[in-house]
Every structure is written in C-alpha cells, then in structure tokens.
Amino acid sequence: MSAPSDAAVAAGAGAPPPVHHPGGRQAGPYPGHPAAAARFTADVARAHWHDESLWFVRVKRDRAAAQLPAWERLRELAEQIKAHALANLAGYLEEFERNATARGATVHWARDAADHNRIVHELLSARGVTRVVKSKSMLTEECGLNPYLEARGVEVVDTDLGERIVQFRGEPPSHIVLPAIHIKKEEIGALFHEKLGTAAGASDPKYLTEAARGHLREKFLAAQAGITGVNFAVADTGAVVVCTNEGNADMGTALPPLHIACMGLEKLVPRAEDLGVFLRLLARSATGQPVTTYSTHFLGPKPGGELHLVLVDNGRSALLARDPFRRALSCIRCGACMNTCPVFRRSGGYSYGTTVPGPIGSVLGPAQGPGAHATLPFASTLCGSCADVCPVRIDLHHQLLAWRRELVAGGHAPAGKTLALRVTAWIFASPWRFAAAGRLARAALRLLPRGLVARLSGAWGRQRELPAPPAESFRDLYRRTHGRP
Amino acid sequence: MAARQAHNRGVMPTVALFVPCYVDQLYPQVAVATLRLLERHGCRVVFPPEQTCCGQPMANAGQAADAAPLARAFLDTFAGYDHVVAPSGSCVAMVRHQYPGLAPDHPALQQVRASTYELCEYLHDVLGVRRVEGRFAAKVGLHRSCHGQRELRLASGSERQVPPFDKVKTLLSTLEGITLVEPSRTDECCGFGGTFAATEEAVSCLMGKDRLDDHARAGAEVITGVDMSCLMHLDGLARRERRPVRILHVAEVLLGEAA
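Chains as they are written, first to last, in the numbering used here: chain W, 1 to 485; chain H, 1 to 259.
Isolated chain W (complex conformation) (with noise of 0.2 angstroms):
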C-alpha cells in the first residue's frame, strides 16, 4: 500500500528521508480512511493502547463536566454566541480590528495560506529574524507554515512538548489537542536519547520532561520572535486569548520584541464577558481540567515590542455561506469529539490525512477539497457520541450525514456501492420483489456451503458469521397465522 520511493517527495525537498516509526505517519499518498485505519488496527495492541488513552481523557472529561451544574446550559450558551458571532461576523471582524489596532497592535488579513505565509515572513525578513520559537497553533499547521519558513532559512522550534516530539519525528500533530498521543513512553525515551542526549533506554516521564524543558529553555532564550495560536479574539476590547498548560505561549512571547498571533477568522468573540462561558468549556472538554493553567489575555504590544495579528480566511468565509456546514466554524478545538469518536480512538488521527482529524476534521476536510477527503464522512457510525460531549453543540454526526448526501450528489463515492444501494432500493419499492428476493437469499444462505457463503459475503464474512437463515420470514408466518387482513 504504501510507497517509499514517494516519500522524499511526501516530506519536502531536502528533508532527511522519513523514519517509519511505529503507529507513526506513513509514507506515501494517502490511501483513504479505510486502507490507513486497518493499517493502524493491524496491531491490535496499539490500537488498544491508544484507544484507553483517550478514553482515559473522555472519562476525565466526563467527572469535569459533572462538576458543572449549569453545564448543559453553557453548552446551549456557548452554541448561541458562536452562532451570533458567526451571524454578525464582518461587524465584529471590524470592530476586533478597531479596538486591536487602538491598542497597539497592527492587523494583517489573510486570503489564503499562502498569504499567511507570505505576510508571516515578511515579518520575519524585514527583522532579520533567523530563529522563530511557536507554540500551539493548529492554523500554522493547516497553511504549512514551518516548512515555509525552514526553506526560507528560519528555524521555527515548537515549544508545546507534544508539538516538539512529533517535530522531532517530521510528523504533525496526530490530535488537535494531544499532539504526540500515538507515542509511547519508550519511544519518546529513544528518540530523546537520540536528539537530546537523553541517557539510553531511559523513559521516565518526568526525566525526560526535565530534558525537553532544558532544551527548550535555550530555544527561548535565543528566539528573535515569538509566534503563537489564538484560541479567543475579542472584538470589544481587541484582545486575544491564548491557552496553553505548558506556559510555552508565555515563554515565547516574553523575550523577544515580535509576537505574531496566527488566527482563523472564527476565533472571535463578541465581549470578554463570553469568556466566561467558553474558558469554563474548553479545558474540560480538552483535558478535564477546569482550566487551562495559562489563559493570557494579549492587549496590544508590550513596552518596546510589536504584536501582529494575521486573521486567515483560507476557505472560512466560503464554508460560512454554506447551510449545514458553517456550524462547524463554532468549532473552538478541544479535542473532545476526538476523545470520545470510537473510530477515532482505534484508527488514530493520521487515519483521516488532514490537519484537523477525528469527526470535525472529517466535517472541515471534505470543504476543502471533497474528492481527496471522500472517504472521511464515512469514516463514522453516525453514533453521535461527538454532537454530544462538543461544548458548542455542533451536530457534527448530522454534518457528516449532509456531506455524505454532497458527495454522492457531486459523484465522489464508490460507484460499486451507489449501484448496489440503488439496485436495493428497486427491490424494497416492491413487496413482491422484497419477498421474493429474501426467499432466495435466505435459500441460498441455507444451501450452499458455509465457506463459499463466507467467501461471498466479502468484508461482513472476514471476521464475521452471518445469521443463520429462518426457513420463514416473518411476513410469511404472519400470513400463514394471520391470514390476508
């Protein structure tokens, strides 16, 4: 399935040839939801292994919630100023952009990736800046910002641990909030041992923390600008929000004189007071902690230094004109649909080839680009265990149904299974057809040998018995018992 000879190509010219790590990205194109899924559940322990990861933080965010009496009451709130935000969004835009630029800070507006990236260097080459420290940005990731600048000659080090970690393995995130959550300890205890110096077969977590921090410690201390995510940006007081548990956002910041905030156009908020709701939500969603521990508030520049702010569009305003999909712009990244998607769990975030994984990823992804994401829709029961613990509410299970509907109306699903559906359909619009089908299928369940019947029924029969065939279906024993009403 995979194909090496690809890979250079995959990881970007001049990139050291890509190590396949265990559980870790796979070279080569991707081959859709399915063919990447089995390939991860193939170990089975390590599909389990991360799957009680991950439940492990589902239950964490499960007892936080319980905290909350008013939980489900902030959910419908949070879902509602999302909304009105979204609703009213070139208005607050404007007005984030008055109060931001009063404050000090200068406002760029990006159209696409490209433009982020380009206004992103600019930035940087006009100060001559050389070494750039980051801390959690998924928008950073989905413009492919740090290849970017490393081809420009900018070292740009990740400061959140996780982000760090994969870094160091030439991987993205494989979770929006749990970057590194698909590598053991041991693993990292190697590839520390390796980049770091790390003593050999060590993996005590707080030892090699202790390494990371000291490592990081000198990225700080040498950075000539600092770049970070925003999670919040206020349009009446012009603030962003940023939240991390590491305080590497902080770090960033606090030294050098540059701070570039990187934002989607969604991330506002009307008024600070909203933070009141959706602060609450977001760490016990993401991590079952009532809070993050750092939840710093960017007002302007600080004295001597420059903030700028880059607000990217990159597909957002299209998908805001779009009926059901724009609530998946109320998204504000916790992770929790992720924690709690079965599917998700056992076939890991590099299942769903896109920056954002997991059920909203497999919402966001298919908008921007519906042929190369076709299978990410299906790539669910429908359980809707997402919809329920998202903090605003998204129907998200109800969004991946609407796509499925756009991908067969636009021709990206499976011809083969279009057909047989249809095929099927014709039979059920007739009860003769129906009956008259079931007795023949039933019979031919009966008759033919369990291994060809096995063979036949391809996928279900692999792991699967099929049911074994009554001689009556139930609309002939009625009418036998019953006789014609």
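Bear in mind the hints are in silico, worked out from the structure with no lab data behind them. Be a bit skeptical, because a hint or two may be false.
Quick list of simulated restraints, FRET-style, between CB atoms [stated by the list, open to error]: (1) S156/H with Q368/W: 35 to 43 angstroms; (2) A126/W with S156/H: 51 to 59 angstroms; (3) R480/W with P104/H: 33 to 41 angstroms; (4) E76/W with G42/H: 56 to 64 angstroms; (5) R242/H with H48/W: 18 to 26 angstroms.
Incomplete in silico selection of chain H near chain W, CB under 8 angstroms [stated by the list, open to error]: (6) C53; (7) P69; (8) G157.
For glycine and all other residues, C-beta sits at the position ideal for the given N, C-alpha and C.
Given the structure of chain W, go ahead and fit chain H onto it with the hints provided.
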C-alpha cells in the same frame, strides 16, 4: 395522548407493527416477540403487508434520491394508524428525523412521525408500563444502540449532564430473576454502522470485539439491545470466535422465559 385516550374510552389502540426489513427476513422470532409483547400489554396489533424497508441504508449512504421513494411508500403504508411500533431504535429515528428531508410534502408525514415509536419507548412512554411480567433468570448486559440512545433519547447517556434515566433498563430490571450487569463503557458504539460494517471492516470488527470483551468482563451471559442490526454484528463476531454469550433482542428478553 391518543393511546391513553383510547384506553380511557375502553378502546384498545391499534398498533401497526413496523418490522425492519432484515428482521422480517432474518429474525422473524424478534417480530413475533414484539407482536406478542404488544398484545400482552393490551394492544390490537396488525402487520401491514405492503411494508418493506424504511430506506435507511440508502439515506445513510447519502443516496437521498434512492431513499425518498421508500420513505413515501412507508408513509402511504403506515398513515392513519393510532400508533406504529418497531423493534428498532435506528429505523424509528430514520422516520422521525430523516423523513422531513426526504418526503417533505407527504400529507401523512407529521401524523406518522408523531405516532411512530421504538418498542421500549412505546411501552414506557405511551402505555406507561413500569413493570413487565415475566421471568428471565440470567446475567444480562444491555447494549445501548446509538440511534436509540442519542437520536431517540432512550436513556440520558454518558455524555450529557442531565438527570439520569434509562427506559430500556427500567423495563428489563423488573423481570423476575434478571441480573443486569454493566460494561465499563455504558454506551459505546458497537461498530456496526450500516455500510460502515463492510467499508470500514477493520475498525468495525475491533469495536465490536471490544464491546463483547467489555460485556464479558462484566459477566454478561446474555447481551440484549433494541436494535437487531447491532446485535447481528455482535452475534456474528461472537459466533466466529465461539464466545459463550447469547445475543437476544430486548423483545425476546422482555417476553421472558416463563411466557
């Protein structure tokens, strides 16, 4: 409510039995158990023979144009009955939530939507049953099928912070001799998911085996649930691996062994 008014007037409600297509063909005993259970609780039950399939396989695959004629035929078939009852949460959720998009102009749309119920929901909410006569002496694990759980709200669910309730468990718990055992993950999906079972076979089967393991650790001798589709998947996995567990639809369990 219509059923209660009918009872008060001394008239038994007429229930049209909605038998999911695959239950009709593969699990007739489940439809029989449903019919007997409804009759035992005072309903006059009829089986409209024109029914085939609600169209859910096509609708959930995104093939709305193929599902719409089946939705309209369903509404033709079931229009006008006091109640429509099915031994399936998933098919009822299809009628209730997807038909407005598939057959928006059908004259019977709202009447049929409002009178269609999953079996346990019907017993619990409409007939007001709080005690089921019967004996079922076994350790039983309840598989909470997702569409019943989250589309019909048969139970409060592990995600939402609302006062706890569980209609199916409430009914099962009154059977004589039954011991209900809880898996550690009370309402995780089994991985069936319709065509997902085939297109995402690897994840589907791993999810199903994990459910079986969880119920086994809880000590379940029988696994039951409101949707035979999920149970068909679990049963198929269990029989392939010769696991010592019986899989029964909730109608069969509620009918009891001392029926």
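Status of the hints after comparison with the structure:
Our hint of 35 to 43 angstroms for S156/H and Q368/W holds, since their Cβ atoms are close to 36 angstroms apart. A hinted range of 51 to 59 angstroms for the beta carbons of A126/W and S156/H is consistent with their spacing of about 57 angstroms. Separation of R480/W from P104/H is about 39 angstroms and conforms to the stated range, judged on CB atoms against 33 to 41 angstroms. For E76/W paired with G42/H, a C-beta distance near 40 angstroms fails the hint of 56 to 64 angstroms.
At about 21 angstroms, the CB distance of R242/H to H48/W agrees with the hint of 18 to 26 angstroms. Satisfaction of the interface hint for C53/H is found here, the shortest Cβ-Cβ separation to chain W being roughly 4 angstroms, below the 8 angstroms cut-off. Given the 8 angstroms rule on beta carbons, the hint for P69/H holds: about 6 angstroms separates it from the nearest Cβ of chain W. The criterion of a C-beta within 8 angstroms of any C-beta in chain W is met by G157/H, whose closest approach is roughly 6 angstroms, and the hint holds.
Violation of the numbered hints given earlier is confined to hint 4; every other hint is satisfied by the structure.
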